[in-house]
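Sequence lines, in order, name chains A and B.
Here the first sequence is numbered in this note's numbering, starting from 1 and rising by one per residue.
Here the second sequence is numbered in this note's numbering, starting from 737 and rising by one per residue.
Hints in this document: simulated from the structure, not taken from any laboratory.
Computed from a predicted structure; not experimentally measured.
The beta-carbon is built from N, C-alpha and C at its ideal position, and this holds for glycine as well.
Hints may be right or wrong, so weigh each one.
Said to hold, decoys possible - Calculated pairs, SDA-like style, for lysine to any residue (alpha carbon to alpha carbon, straight line, at most 25 Å):
1) B:752 to A:525
2) B:752 to A:509
3) A:122 to A:76
4) B:752 to A:519
5) A:577 to B:767
6) A:583 to A:538
7) A:681 to A:620
8) B:762 to A:523
9) B:762 to A:541
10) A:539 to B:841
11) B:755 to B:855
12) A:539 to B:860
13) B:761 to A:516
14) B:762 to A:542
15) B:761 to A:529
Unchecked claim - Over the 12 Å line for every Cβ pair with chain A, so calculated as not near, a few chain B residues:
16) 748
17) 783
18) 807
Unchecked claim - Label-pair restraints from in silico Cβ distances:
19) A:577 to B:812: 45 to 51 Å
20) A:538 to B:777: 37 to 43 Å
21) A:584 to B:852: 28 to 34 Å
22) A:672 to B:859: 56 to 62 Å
23) A:638 to B:848: 56 to 62 Å
24) B:774 to A:672: 54 to 60 Å
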Amino acid sequence: MSVIRDISPSPLEKEEGILASSAIRDITERKQFEEGLKRTMGELQESESRYRHLLASVTDYIYTVKISEGQAVSTFHGPGCENVTGYTSKECVNDTYLWYRMVHEGDRDAVVRQAAMCVAGKAAPLEHRIIHKDGSLRWVRNTPVLHKDDKGRVTEYDGLITDITERKQAEERIAQLNRARAILGGIDRAIVHIPDQQELLDEICRVAVEQGGFKLAWIGMVSPDESVRLVAKAGLTGYLDGIRVVARHDEPEGRGPVGTAIRENRPVVIEDIDSDSRMAPWDDRARQFGLRYVAAFPIRIKDKVTGSFQVYAQLAGFFDENELSLLIQVSGDISFALTAIEETAELERTEAALRNSEHRLRLALEAAQIGDWELDLVSQTACRSLRHGQIFGYADPLPEWSYALFLKHVHPEDRARVDHSFQESVATGRNWYFEFRIIRPDQTVRWIWACGSVIKDDSGQRGQMLGMVGDITERKVAEEKLRESQMLLINTEKMETIGRLAAGVAHEVKNPLAISRMSLDYLSHVLPEVDGTVAGVLKDMGDAIGRADTIIRGLLDFSAAEELDPKPEDLNSVIEKATLMVKHDRSMNHVQLVTNLDRDLPPVVIDRNKVVQAFVNLFTNSIDAMPDGGTLAVRSYFEQPSNPGKDPGSRSLDGFYVDDSHVVVEIEDSGSGIPPDKLSKIFDPFFTTKPPGKGTGLGLTVTQKIIELHGGSLEINNRPEGGIRSVLKFQATIIQ
Amino acid sequence: MKRKILIIDDEAGFTKIVKLTLEVKKSYDVRELNNPAMAVRVAREFSPDIILLDIVMPELDGGDVLAQLRADPVLRRIPVLLVTATVRKKEVDEHKGLIGGELFVAKPVSAEGLIESIEEHLAT
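So that you can see chain A by itself, here it is in the shape it has in the complex:
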């Protein structure tokens, strides 16, 4: 179909111009003129006839309106009329206003205006719509051609009606395609330039409406409860007020374009809202707002459908497939952009969380006074925090730090173990933790802990060790104190138990002792003259009663921590007294006594009876350990230890350190010894290795307590040759 772009001046008008100019020609040429006129008129008629014929042959339709006194008086409809409008020219002639009615309502004013302009002498083409007799909408181009008399008045005009429906449709498609492209371009620009999600969604809707020609565009996101929440919109106001859309299939509001697009992850187009049951929940609303067309496109963030973008138009079938494919591309771009924004936000959140966590870690480390370090396992060099330097005794950090330098600071006694555990950790990749001592530049010894974790580099090699370090000197000191006080507490509890027991036992034991004592005195009195042996036995009995009483008294004293009655004594005489007291037991077991006592011992300040008791206990134990005979060796000597490394007066659990000298007594037996696993328990109350009825389990407990009360020490060990060796040390008194 050809498109008529312009109309040339009509031949008629041309001829009139010629006539006007010919009127002033010479009269003598009149005859010639009249002949010419005749010929010309003939040519004119022929031309007019050709013209009409020509017009009749085109598929378009021509009408002619005759004008008289500025009024249209008759209209002629050409044969093409039926072709274009569906109505015959006869129908048009018979129905005066049919031409007006067939014009599309919306264009009637323009058509009437054009007709009025033609009558007034001004012709301009008009494109408008008509309703074809078959009811279809057609676009026509109406091109008027004016005919004027010699006074310039319009006597008639022709209108050339050309069907331009197909062209119009093509133009509309192009326009729509351009709109779709404009949406795509506008949205792509927005995606590039707008980093904020909400602003981007707003802009997308705005572009769809302003550049895409849609009446309404909005974006909804799926909430956890599967309702669709409006997050951005542009265009028509009111339609979305209070609207309910869900993504579930089990509700009508979920089976519309939006719900379906979200649920099925595909674009959904409603070509005509009026006739599509899927729009049932909203069709009244759509009608009220004049919306006929809707297309919804799923929006995916990270491959998961999270919402939908939809556009509305007032015309059914607003977009064809080509345009839709562009819009699908748009929705893909939106998804891409939102995913990127989400990922950026996620990255930012992660980075912020990391920064936050690093900050918190730094605060925590500082609060805990923990230093941190990073050691490059290849170069063996390290970076470390200020606190790290302070822990190692440097107010200002050293310019460089390395593993070797670190090891130099480790206390020599701990160095090998620290290095070993560190190297093992590097080799195995296991975490490293160690508590050890360091020596600071000012020579102070500090306890620290250090831990580290091996980090592999990209190639999987162990490239780095990250770690922390803290000063635990105070903790170590406190632990030692705690351990000591716990030991003290345990001992105190033991003693209290013994004390309660001893008090209970004392009364019960002392009564039989009192009877025995009195009975002995009675017997001594009533018996006739006795020989030496009987007298000896009676004396031994008296001694035994005395010893039993002393044990009870000693036990009570010991448990009650009674004050000692210390006096300077010769320790040798104490030993001799004790050996005498076990003489009977010794001879019963055929135990030989070997004494080697230093006669030049300085005096020791002791409670004689208590220390005698201690020795008796030790001797008795040894004798009991040798039921088939053996040797009990007792040696005393004077010792002046020189131990300048220890503070005078300081004590430890296994010994004491004094500035002055002390007296040592060693007791050795050739008995059965103490099973190694029992050695740690020998001082426990009621612990005994003796057969039932033989020992009380209190002997060594009492003995140790007595020695401790004197500030002395007692060590008991198995001898390599068999039997045990007990070593007692008493502080020697320097007599001024």
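Starting from the known structure of chain A, arrange chain B on it as the hints suggest.
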């Protein structure tokens, strides 16, 4: 005239041997009493010159007995020597507070030690 001694102690073995010993050694007239509840009655009847009194006894202890004796107008002036198996200074101190400065002898005591304390007490 023989000195009369009343020994009050729930331990019959002890009172018996003390009686025997004191009687052979010093010819005292010794009366044993193992039930401290009878103390006042027996003391009134026997009229001892001195009473040897155990402290730790079941039901009625030496302190209670001493209080009864001191509350009795007849017996209140009779000297009392405490003979006790309790040797812990703290406990003795506690009982001393109750009995008010009585002499005391710790078990086991030798015959000589006991006689010495009795004589000393009788002399005052």
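Results of checking the hints against the structure:
Our distance criterion of 25 Å between C-alpha atoms is met by residue 752 (chain B) and residue 525 (chain A), whose separation comes to about 16 Å. Distance hint between residue 752 (chain B) and residue 509 (chain A) is fulfilled; the C-alpha atoms sit about 18 Å from each other, no more than 25 Å. With a C-alpha separation of about 20 Å, the suggested pairing of residue 122 (chain A) with residue 76 (chain A) holds against the 25 Å cut-off. Under the criterion of a C-alpha separation no larger than 25 Å, the hint pairing residue 752 (chain B) with residue 519 (chain A) is consistent with the structure, at around 10 Å.
About 40 Å separates the Cα atoms of residue 577 (chain A) and residue 767 (chain B), which puts this hinted pair outside 25 Å; it is violated. Of the supplied pair hints, the one linking residue 583 (chain A) and residue 538 (chain A) holds, its CA atoms being roughly 15 Å apart against a limit of 25 Å. Straight-line distance between C-alpha atoms of residue 681 (chain A) and residue 620 (chain A) comes to about 18 Å, which keeps the hinted pair within the 25 Å bound. With a C-alpha separation of about 15 Å, the suggested pairing of residue 762 (chain B) with residue 523 (chain A) holds against the 25 Å cut-off.
Restraint check for residue 762 (chain B) and residue 541 (chain A): the C-alpha separation of about 23 Å stays at or below 25 Å, so the hint holds. About 22 Å separates the Cα atoms of residue 539 (chain A) and residue 841 (chain B), which keeps this hinted pair within 25 Å; it holds. The suggested pairing of residue 755 (chain B) with residue 855 (chain B) holds, with an alpha-carbon distance near 16 Å, which does not exceed 25 Å. Only pairs whose Cα atoms come within 25 Å are accepted, and residue 539 (chain A) paired with residue 860 (chain B) is rejected, the gap being roughly 33 Å.
Restraint check for residue 761 (chain B) and residue 516 (chain A): the C-alpha separation of about 17 Å stays at or below 25 Å, so the hint holds. Between residue 762 (chain B) and residue 542 (chain A) the alpha-carbon distance is near 21 Å, which keeps this suggested pair within the 25 Å criterion. For the hint pairing residue 761 (chain B) with residue 529 (chain A), the CA-to-CA distance comes to about 16 Å; that is within 25 Å, so the pair holds. The Cβ of residue 748 (chain B) sits about 10 Å from the closest Cβ of chain A, inside the 12 Å cut-off, so the non-interface label is violated.
Once the 12 Å rule is applied to beta carbons, residue 783 (chain B) is consistent with being away from chain A; the minimum gap is 25 Å. Remark: the non-interface label on residue 807 (chain B) is consistent with the geometry, its nearest Cβ contact in chain A lying 27 Å away (cut-off 12 Å). The given range of 45 to 51 Å is respected by residue 577 (chain A) and residue 812 (chain B), whose C-beta atoms sit roughly 47 Å from each other. The hint said 37 to 43 Å for the Cβ distance between residue 538 (chain A) and residue 777 (chain B), and at roughly 39 Å that hint holds.
In this structure the hint that residue 584 (chain A) and residue 852 (chain B) lie 28 to 34 Å apart at CB holds, the actual value being about 29 Å. Between residue 672 (chain A) and residue 859 (chain B) the C-beta distance comes to about 57 Å, which sits within the given range of 56 to 62 Å. At about 41 Å, the CB distance of residue 638 (chain A) to residue 848 (chain B) disagrees with the hint of 56 to 62 Å. For the pair residue 774 (chain B) and residue 672 (chain A), the beta carbons lie near 55 Å from each other, so the given range of 54 to 60 Å is met.
Hints 5, 12, 16, 23, counting from the list given before, are not met by this structure.
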